[in-house]
Amino acid sequence: MTFSNSDPVHVAFAGLDLHGIYISGSDGNAVVKLSSGYNICVPEVLCTPAPECSAAQPHHAAAEPLKQDANLPLLSIISTGGTIASTVDYRTGAVSSKFTAEDIIRSIPELAGIARYHTAQPFNVLSENMNPAMWQELARAVRDEIAAGAAGVIVTHGTDTMLYSAAAVSFMLTTPVPVIFVGAQRSADRPSSDNAMNAICSAKAGVSDLGEVVVCMHATSDDVECALHRATRVRKNHTSRRDAFQSIGRAPVGMVSYPDGAVTLGKDAVLRGTHELRLLDRLESRCALLQYYPGMDPAVFDAFSGYAGLVIAGTGLGHVGTDCIAKIAALTAAGTLVVMTSQCQAGDVCDRVYETGRDLLDAGVVEGGSMLPEVALVKLMWVLGNTTRREDAVRMMQTNLKGELDYDLGREM
Amino acid sequence: MTDFDYEALGLKAGIEIHQQLNTKEKLFSHTPTIIRDSAEHTGEVKRFLRVATSEMGDVDRAAKEEMLSARLFTYYTYDTTGLVEIDEQPPAPLNPDALDLVLTIAKMFDMTPLPQIHTMRKMIVDGSATSGFQRTALVALNGAIDQTCRIETVAVEEDACQRVTDQVFSVDRLGIPLIEITTAPCMRTPEQVHDVAQYIGMTLRSTGRVKRGLGTIRQDVNVSIRDGARVEIKGVQELDLIAEVVRREVQRQLSLLAIKDELAARNALVNGEVYDVTSVFAKTQSQVLKKAKVILGTVLHGFAGLVGMEIQPGRRLGSEMSDYAKKCGVGGLFHTDELPAYGVTAEEVAVLKESLGAGEQDAVIIVAATEQKSRCAMQMIIRRAKMAMEGVPEETRKMLEGGSTAYMRPLPGAARMYPETDILPVPVSRKYWESIATPELLTDKAERFISAYGLDAGMAHQMAFSEKLPLFERAVSEGIRPVFAARTILASLKELGRAGISPDAIPDDSVIAVMKAVEAGHAAKEAVSEILSACARGMTLDEAIATVAPAFSREELQELVRTIVSERVDFIKSRGKAALGPVMGVVMKEVRGRIDGKVVSEVLDEELGRII
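Chains as they are written, first to last, in UniProt numbering: chain A, 1 to 413; chain B, 1 to 612.
Just so you know, not all the hints are guaranteed correct.
In silico BS3-like cross-links for lysine-lysine, where the CA-CA straight-line distance does not exceed 30 Å [stated by the list, open to error]:
| no. | chain 1 | residue 1 | chain 2 | residue 2 |
| --- | --- | --- | --- | --- |
| 1 | B | 431 | A | 67 |
| 2 | A | 267 | B | 46 |
| 3 | B | 12 | B | 386 |
| 4 | B | 327 | A | 67 |
| 5 | B | 46 | A | 236 |
Incomplete in silico selection of chain B near chain A, CB under 8 Å [unchecked claim]:
| no. | residue |
| --- | --- |
| 6 | 46 |
| 7 | 47 |
| 8 | 132 |
| 9 | 142 |
Simulated from the structure, these hints should not be mistaken for laboratory data. Each residue gets a CB set at the ideal place from its N, CA and C atoms; glycine is no exception.
Make a model of the complete structure from these sequences and hints.
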């Protein structure tokens, strides 16, 4: 006997005749939802059909069209997946991304009072499955929404790699309107999910005076305030907390209080209308990021032979062991652009203080300033996608383009 | 209260018992199961909760009602709580010690374990769980209590937060493992409910692995009578009140049925029309009404006298309506059965009734608050009034002091359950189940203490049910005479308690050592309490014996007795053998607690013999 999801069944167990709904089965076991709502797992052979009971119909698909207020500004919601859009998946029993942008708007009624919405879903993945081709697709989608008249764009995204995507869009796109990346650390199917507050804050930021790419997430563990982090200066600093996202080496560019939704922008926030819409979406994906560790086998560097670019997250001020320097020199000689960043939480790279650093400079390494290693990687892909000459690439890597550096480097050259 | 013929009324009752398990760690977190004083909290977080849909796409009706007013909850945290408790980290795997204990209890009730334990989320958005749900898992089904009563299910679940004030909760209790035992609706009298609850409680305590003390066990009672409805009464903590709660619920349901019949006879009508009556009270002296922005009223046709009718001690139909209204954040309501009162004058009542066209048989309900809250409250009142015409609504209720109850929320449905996606299913193998040993019931233990150890019935029962049972069993296993051990443990505990010393302040090792010292003749049994009390103050056993009651040797005693006797030679000579009693008294005054009275008597007898 095979059953499908939602079939009514009898279960003969523990001397009882139990009634329930068949949920799923594997390895000869059936998960059955009892009328009490509890799920139990019993051998499937104990289940028989219960045709006298009506089948329970899951009604996920809300049929009503979205109610939109024509007097409100237009926001676009581009959904890419992630926890903010997740619900239970009976294949694995874990959560997976299933919600569309429309589902998000329906499940958070407050959004309807802030703006009217256009939605798009270029793809739907957990963020660990993102890649540079998807960043490009995403940047194009954002560009299209702005070109079509969106007053702001909200990108819902898994939090694990949100900073990579946000930084990539930030480099590829020059925007006149706010582009807000938002996610959730607790899945949308729980009453305590941070998805609603983060989404409401992101919508408020989306209609604000901001004019740059930011990440909008809980500022603290409390449901009272979201922070707007510059896309090139943010990092996920905790695996699970709501306030995992923090600006590194600088204050957030703005705050959104909750539930009133008041947006406060910092002095250096880029304002709406400052820039024209422009997309430069080429990326050189043959780039890598390598974290140095004590005792690293210099042969590791051989793996990057033929790469266009390599970012090293070095120790302290930007170092690797002396025995690696010859390998790095060989890479740069062969045309790989090697950029040094630091695995420290914050601070500038400076390879002029210690002997090893000077040797690295001699080997052709480019100092990455205060750029976060992840951001430096994304920037390097973009820079190498848009320049062919090494000098131009070096100059661009050391120029503050989107707030990823505190100031332009290497002007003495 | 008049007692009813419950069987004739068709009383059906079932209970759910929630007992905290005394595990080292919480059910889904590696933090300790320690209850804290909320004044000691080291941090707090503020959160909103919002209702989520079930995986079938439904929204639970009880959860929906909780969301009528959006509230910001505050949670106190401690150095003994972690990120799981504030919903900032995925849960740890199901605590195997807790599951082992629940399986043990299931086996004691002859139940069938499920081959895999699937953890669910039971949605609770009243603020008592930071996640908005309580994690729970069915463990075993279908057990026996006695000939007439069955256990339907046993589940393991996490305890919720303790409420500090209205919207402030303390997360120390959140996550402590509970066993939930649900009986069938198999009880037919209030006394039977009491007896079943007591038996289950005894069985739980027989494991020696459950928490003890106030608040560690809570009973929910499900009650219905014929033509009535199933009502779940939450949080009965005192076993002695449980029968009274059932009696009062029967009384309430009978009263509501009588009201229903009377309403039908009167052709009562709830038309649901709501009027703004703010102007009627423009010059009111009522403090409540003066403050209000808007006062709304509705007429319940044919309800006069019934809204104010008592349906159980201290509760009226009006109280039920008020409970519903409070869900919207209003303080309560006024009804014309109780007016004029609370500063509302007879004239105002007359104008109110007239302006709404209410006749003599009609009742008027008014609510005073903001426009939004009043409107919401009025809808709830009208809903409850309509239910009165149907009889008894199915409800979840909470117990009030004395055993009456108040409305909490609708009975929750299956839509509040959602699979806990963060926890893997836990298999329970046949081999594991068969390897579980079940402990001896405390009642059987008491019988054995009588037959095998010679304890009297009272002492045997007291010892078996005492928290110090493990100490007693250890003492006996270490060769201390059972009667002496039981007497020492029970009597000295009582004495220490009276002196304000917690029995837990004295390590078991000390109690055992003192008993051994007495049995070896190094200390007098009369001094046990004093020695233990000195130990509780921090002395070692030797110090305690030396300070409180230095042991008295036979030689020292002989010397003392000779002195005392020599001072009373005339008295002794005149009285002869009869002098023994009075002189014994003088000696005992000096040596009580330091040497056995039997020895004193022997020595004194010898010395008197020399003189007489």
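Do the hints match the structure? See the list:
| no. | hint | verdict |
| --- | --- | --- |
| 1 | 431/B with 67/A | 58 Å, violated |
| 2 | 267/A with 46/B | 29 Å, holds |
| 3 | 12/B with 386/B | 25 Å, holds |
| 4 | 327/B with 67/A | 28 Å, holds |
| 5 | 46/B with 236/A | 22 Å, holds |
| 6 | 46 | 4 Å, holds |
| 7 | 47 | 5 Å, holds |
| 8 | 132 | 2 Å, holds |
| 9 | 142 | 4 Å, holds |
Taken one by one, the earlier hints fail for this structure only at number 1.
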